[in-house]
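These protein sequence lines map, in sequence, to chains Z and S. Quick note on the working numbering: the first sequence kicks off at 1 and runs consecutively. Quick note on the working numbering: the second sequence kicks off at 1 and runs consecutively.
You may find that some hints are simply not true.
Just so you know, same-sequence chains aren't split out, so a pair can sit in one copy or run between any two.
Stated by the list, open to error - Using 30 Å as the maximum straight-line C-alpha spacing, the simulated DSS-like pairs for lysine-lysine come out as follows:
1) Lys61 x Lys37
2) Lys19 x Lys8
3) Lys61 x Lys8
4) Lys166 x Lys61
5) Lys166 x Lys19
6) Lys37 x Lys8
7) Lys19 x Lys37
8) Lys166 x Lys8
9) Lys169 x Lys37
10) Lys19 x Lys169
11) Lys61 x Lys169
12) Lys37 x Lys166
13) Lys169 x Lys8
Hint data in this document are derived by calculation from the structure and do not stem from the laboratory. Source: prediction; values computed, not measured.
Protein chains: 2
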Amino acid sequence: MEQYIPSKLLSNAVDQFAKLPGVGRRTALRLVLELLKRDENSVTAFANSITELKQNIRTCKICGNLSDSETCSICTNHSRNHSLVCVVENVRDIIAIEQTGTYRGTYHVLGGLISPMDGIGPSELNISSLTQRIEQGGIDEIIFALSANMEGDTTCFYLSRLISGKGIKISQIARGVAFGGDLEYTDEITLSRSIENRTEYGGSL
Amino acid sequence: MEQYIPSKLLSNAVDQFAKLPGVGRRTALRLVLELLKRDENSVTAFANSITELKQNIRTCKICGNLSDSETCSICTNHSRNHSLVCVVENVRDIIAIEQTGTYRGTYHVLGGLISPMDGIGPSELNISSLTQRIEQGGIDEIIFALSANMEGDTTCFYLSRLISGKGIKISQIARGVAFGGDLEYTDEITLSRSIENRTEYGGSL
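Could you put the whole structure together from the sequences, leaning on the hints where they help?
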């Protein structure tokens, strides 16, 4: 049965929220009614934060990270190791890696992965800017930090062919059973690969 | 550790979303990045739906329901039973009851419950408009559909004293074990009250 909504204005706002990923109509209604309780300035601030973001956000011309200016805060940070480039699918991956607080190199955001099924080829991705960075020199190592699936593997393979022979070390992030992860609940592929790719005991410490 | 966000604009939008009830910073980031993927028109439509709602939504002058005009779609509906008024705390309760599709009377939205602890007295609530409706006549029965807690009980008691002696039937929604509800998982108060207030077998069918 269709949800009764007493007002078109309300219904419109609920529709907009319900289009967001993972937000159902009940949650959308709760969020909208919550916003409606606030004063007008607060509601305007909410709405403006979105439109201003969309209108003024920029993409770093070096790495493709989101930025308020032409180049992002990581690419302009002289204390980072600019000879190390970590290739990621999207900005959320940068945020996740930065969260660890241990990586001090730079990034390169592809903006997707090669997926012939979805009609995404290399030309749809942010790859020419990566080769440009390589041509300019100064890069010693490129780390692939892409999803461990068909698309990620295809993209790694494509990029490794593109980069190889240029004297740059190519690596990829380690795959295996998560630290603190229970063997019993680890999926079979991860578990079998982690046995295949076992490392010398004490070697990674 | 504080979340790394590559842009002040992004960070501002994430802050705004994270202020919504039940939305953490990770979810906020996911929603904002999802919005950012859309074209500018779609983002503007999202933002406008909120500001337009806040600026133009009205409160029904009869019952307090949200409305696009002076009186709501229920109060102006001649096929509803206007002699029956269901008193609810908020608009979400109206939506929940309308969802059942079985109630054909009208509503009255209090906009809260009497709560001396939170400094909410009768004057903070939408009660004078209820007595006004009663004075105008035509109401046969008032149903209290308020929360079964201290505040709900206090409000019911206050309203019943206000209404009684005016020849209007006062009722409240039935409380008990939910249909399909498992006795084992029903809380003790509901269970003991449902035994106390047992009804004749077959009586409610």
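Going down the list of hints, with the structure as the test:
Taking the shortest Cα distances, Lys61 and Lys37 sit within 30 Å of each other only across copies (18 Å), while inside one copy they are farther apart (41 Å). Taking CA atoms no more than 30 Å apart as the test, Lys19 paired with Lys8 passes in both settings, with 16 Å inside one copy and 25 Å between copies. In this homomeric assembly, Lys61 and Lys8 come within 30 Å of each other (Cα to Cα) only across copies, at 17 Å, whereas the closest approach inside a single copy is 43 Å. Taking the shortest alpha-carbon separations for Lys166 and Lys61, only the intra-copy value of 23 Å comes in at or below 30 Å, while the best inter-copy value is 75 Å.
Taking CA atoms no more than 30 Å apart as the test, Lys166 paired with Lys19 passes in neither setting, with 46 Å inside one copy and 49 Å between copies. Both within a single protomer and between protomers do Lys37 and Lys8 lie at most 30 Å apart by alpha-carbon distance, with minima of 18 Å and 27 Å respectively. Within a single copy, Lys19 and Lys37 get their C-alpha atoms as close as 22 Å, and across copies as close as 13 Å, so both meet the 30 Å cut-off. In this assembly of identical chains, the alpha carbons of Lys166 and Lys8 never lie at most 30 Å apart, being 61 Å within a copy and 37 Å across copies at closest.
Taking identical chains as interchangeable, the C-alpha atoms of Lys169 and Lys37 are never at most 30 Å apart, the minima being 56 Å within one chain and 33 Å between chains. In this homomeric assembly, Lys19 and Lys169 never come within 30 Å of each other (Cα to Cα): the closest approach is 43 Å inside a single copy and 44 Å across copies. For the homomeric pair Lys61 and Lys169, the shortest alpha-carbon distance inside one copy (24 Å) is at most 30 Å, but the shortest distance between copies (72 Å) is not. With identical chains, the CA atoms of Lys37 and Lys166 are never at most 30 Å apart, being 60 Å at best within one copy and 34 Å at best between copies.
Proximity of Lys169 and Lys8 under a CA criterion of 30 Å is satisfied in neither setting, with 59 Å inside one chain copy and 34 Å between copies.
Hints 5, 8, 9, 10, 12 and 13 from the earlier list are contradicted by this structure; the remaining hints agree with it.
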